[in-house]
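Could you put together the complete structure from these sequences and hints?
Line order of the protein sequences matches chains A and B.
Under our numbering, the residue at position 76 of the first sequence is numbered 76, and the numbers go up by one with no gaps.
Under our numbering, the residue at position 73 of the second sequence is numbered 73, and the numbers go up by one with no gaps.
Don't read these hints as lab results, they were simulated from the structure.
Predicted model, so just to flag it, every value in this text is computed and none were measured.
You can trust all of the hints, since none of them are fake.
One-sided and incomplete, this derived list gives chain A residues near chain B with beta-carbon spacing under 10 Å:
#	residue
1	Trp15
2	Ala82
3	Ala86
Ideal Cβ positions, reconstructed from N, Cα and C, are used throughout, including at glycine.
This is what each chain is made of:
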Amino acid sequence: MAAWAGVAHSSGSGWVQAVGALLAAVLLVGMVAPVFLLRRVSAVCTANPSDGEARDRVAVTVVTDRPLRIRPLRPTGPVARAGGPARGPRSVEVELVPSRRGVVGSVAVELATCAPLGLLWWAREVEVGLARPLHVAPRTGRPSPLKVGRDDRPGGAPERVPAGTGEPRGVRPYASGDPRRLVHWPVTSHAGKLMVRESERQRDDPVTVDLVLPHDPDRAEAAAERTMAQITEVLRTGHEVVLATDEPSGRVTRGVSDRVDLGRRLARAVPPPLVGGEEAGPVDPRGGERR
Amino acid sequence: VSLWQRVVQANRPGPPEHSVPFRAASAAAVCIAAAACWRQGELSAAMCLFTIGATVVGNVVSYRRRARPWPAVKPILAACAVGGFVWFIATVTHNATPGDISTVEGPLAVLFAWVLSTHAFDVPARKDVAYSLAGSAALMAVAAAQSVDLSLAGYVIGWGACGLFGLVSMWKSIAEVRGVPWRALAASTLAVLLVGAALVSVLPAPRVSASLIFPSSSAGSEVGSPSDLTDGAASLPAHAADPHGRIGVGGFLGFARSLDTAARDTLGNQVVLRVRASRPNFWIGETYDEWNGESWLQSGDTSGGPGVPQLPPGSPFTIPATVDEAGALVSGPPDIQTFFLAQSGPNLVFHADQAQRVYIQSRTLLLPGDGTIVSSTSMGAGTVYTVVSDDTEASGAQLRLATLPGWVPESGLAPALTAKERRNDLQRPHPYPQVAALARQIASGIPTSATSGPRTYDVVEAVEQWMSSHVRYTTDIPRLPSGADAVTSFLFGSRKGYCEQISTATVVMLRSLGIVAREAVGYVPGSYNPITDLYDVEAKDAHAWVQVWFPGYGWENFDPTAVVPLANPTPGSVFAHDLAKSLGGLPWIPIGALVLGAVAAWTLLRRRGRRPATWSHQVANDLARGGARRGRPRRAGETLTAYGERLARADPGGRDALLAVTALVERYTYGGIEPTAEQLAGALAFARRYRTTGRIGRGGRPPPQERASANASSKEAPAASSGR
Chain A
1 MAAWAGVAHS SGSGWVQAVG ALLAAVLLVG MVAPVFLLRR VSAVCTANPS DGEARDRVAV
61 TVVTDRPLRI RPLRPTGPVA RAGGPARGPR SVEVELVPSR RGVVGSVAVE LATCAPLGLL
121 WWAREVEVGL ARPLHVAPRT GRPSPLKVGR DDRPGGAPER VPAGTGEPRG VRPYASGDPR
181 RLVHWPVTSH AGKLMVRESE RQRDDPVTVD LVLPHDPDRA EAAAERTMAQ ITEVLRTGHE
241 VVLATDEPSG RVTRGVSDRV DLGRRLARAV PPPLVGGEEA GPVDPRGGER R
Chain B
1 VSLWQRVVQA NRPGPPEHSV PFRAASAAAV CIAAAACWRQ GELSAAMCLF TIGATVVGNV
61 VSYRRRARPW PAVKPILAAC AVGGFVWFIA TVTHNATPGD ISTVEGPLAV LFAWVLSTHA
121 FDVPARKDVA YSLAGSAALM AVAAAQSVDL SLAGYVIGWG ACGLFGLVSM WKSIAEVRGV
181 PWRALAASTL AVLLVGAALV SVLPAPRVSA SLIFPSSSAG SEVGSPSDLT DGAASLPAHA
241 ADPHGRIGVG GFLGFARSLD TAARDTLGNQ VVLRVRASRP NFWIGETYDE WNGESWLQSG
301 DTSGGPGVPQ LPPGSPFTIP ATVDEAGALV SGPPDIQTFF LAQSGPNLVF HADQAQRVYI
361 QSRTLLLPGD GTIVSSTSMG AGTVYTVVSD DTEASGAQLR LATLPGWVPE SGLAPALTAK
421 ERRNDLQRPH PYPQVAALAR QIASGIPTSA TSGPRTYDVV EAVEQWMSSH VRYTTDIPRL
481 PSGADAVTSF LFGSRKGYCE QISTATVVML RSLGIVAREA VGYVPGSYNP ITDLYDVEAK
541 DAHAWVQVWF PGYGWENFDP TAVVPLANPT PGSVFAHDLA KSLGGLPWIP IGALVLGAVA
601 AWTLLRRRGR RPATWSHQVA NDLARGGARR GRPRRAGETL TAYGERLARA DPGGRDALLA
661 VTALVERYTY GGIEPTAEQL AGALAFARRY RTTGRIGRGG RPPPQERASA NASSKEAPAA
721 SSGR
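Structure follows, in structure tokens:
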């Protein structure tokens, strides 16, 4: 444009200058207008899942009021385009790929537009609050061999708990979902309503996992992944698990009901606070987890 | 990433462009640019048609093959491009004149058109289409460089519209937008127009460069014999071709052997010529030295061919400088003027003073010796010629010194006026005693030194000053009676006249004081067009002024009429002036009434749109506004009942009324229970009061039903009463 202006100015041709001014105006509008459009743009997350897994894709729904290019920055993710009609709100599925576990309350995204002439992209980083916290569980790592010992403490009969299989415990009224084969017909005929057999098994002491994460993020992530795999295996065997972790609010020791709950607990887990410059608590040299 | 990888990455074919509007707009922009070049004579009709056809066909082919472009097309197009460049170099080498850009523009336009035409067959991706769109700007630039009038405006508007639509379509394609983004299109168009107008206004006016020579082609045919243009004399081209020696250009009869100050047609507004000049100036046509009381005549031997010097044939013609013109002034930048004749005119070569070179397609030029330059070629519409002048103005101080007794020019040369010329330029048909007395009276007021009388420059200024204060400019003057002297009638009669009367009277007054002066006619700059960078000289811009001889400086121009502004206009001021003039001519009263009506209608519609749908909305809105005034705006998602309770906590005096009203609204909204007319009126009145008054306190009145229940409640529990 400078060369054009120079030629127009030195050649004395007014039309060249006028056409050059038109071109310059197009370039100027094309390069500057996205800035003003970006200042007025809004992006709101309207829906997102509560749980996800590190390095796995999680789709969140973002509503914007104009066409945009959305690039998740923290956590990262592939570029999404909010196309559709020229005016009005439109929703777009933005995929996030969290690299680490954690609780994600908001997502830093880069909103970019080249409207209205498509000449130059301008981008702005905004923090979009999620509709609900996203718990990013660690990936399921390789479980380390874990020997679950039997409770050999002396004492009375161990506590027994209802179970689908095991020794007969008694009967109880039929509940929706009970298998038909469990109906105890004699008692049913006696009681006048459907009764089913109930079994019980010996209740074990829960497996207690005391997780102390190291402060090194990579080691902490690896420890969380191993813990995830380990406890998942334990849960699969039917044992109860009590997990002790450090959370921002303090030390939490609570049972883990299922894999989702486990993922959330590990997502919230943080290294213990430093005491005198050293990590508090015992640390397993293999990765920080101990039982 | 290495440089080579970057180059490879930049040249990697992009994804296919699927947007048909983008392609169509790009192709249309190229076609319009080609048509503009054809209109300006830069492209032949055949080349223009080829460009348009190839562009359309090429884009169709490219669109159909966008996913799988032919591998062979790129080498073929590269060969075509190389061939085009070779042809361009060869053409320019053989035909172009060094320094004359006009001889390059034609081949350049053909080269651009050729490249764009062939490139249209290989535009599969978005960036290719964008290149095509951007390339059309080069064609438009070539067309714009040749345009001297506003006929290009249509092409520029069409090209700009296609370009903008194409860019918006490109954005649509990038952003995956559906539908036509009318708002974006309108907003971007408006923004581009505003910014473009601002840039045109702000940017300095294009300046004529001394290094470029402007077109010197002529649309007129070279005459076989100078006698073809004469009015009887065989050897000298006349200024006019009719037997009376007059030619009317837009009504002006001055460009002839004589200037009759008693005759004047109504001068029109038609553009007679357009001038691109380094600076505004007096563009002189011819001068007169002999005054007969009614008309100016040329005393020179205009009919004797041998007495009129001819310049050697061949453009550019070099005008020999007079002795005085080679005098004391430091030469400044040359004043390059290019004249585009819009109408046929006299074969006078208009020019600024002290012309040095003339570029014109003429066999020869003749110099009668009075500052006039005459062409031997007919000067029809479309004639273009360029004059380079070294018009360096002397300052007032220099001119004052020039007439001091014993002053010797710095050039050391003697005055160039011969005795005959001096005698002619002091000629009067009769002594003009009244005029001389008036001139002496004017000159007597000039302070003089003991050694010399009033200086010439001061006298001229004094006469000009007298004219400005004693003469009224008008073109509506009665015809001069037969036998009357024009100067005497003007100065001692009505003192009304126009440039011819004013300048003639000035010349006669100066001559009566012994000052060498003569009458000059020509054109002054008309309105300046910032788009074309041309002065549009209209017929009414024909002008007469005074030339006074100063030893060492030659003839200096003075304009006693002083009605022509000579300030160099800026595009911004011209744009603002034209805009103000255009706006001032609009019928503002009807427009104002229309705007007011539109605003009133818009306001009514907006208020109607905001009107609550039902009485419950009205009540809810009133409560929300009243609460907001009290610093408790309604929260998002808060039910009216909850909101009413929150307001009631802050305003216990109106608690019952608030709760009653909110209950009434919720019963109606969710239970479908219609309130009675009295309840409705009460609720509305309460809500309105709540909205308009700061606090309701104890004055709050619930609707009748609730008031009854409140009364009942007060009977049962006086302590809970509102204290009414």
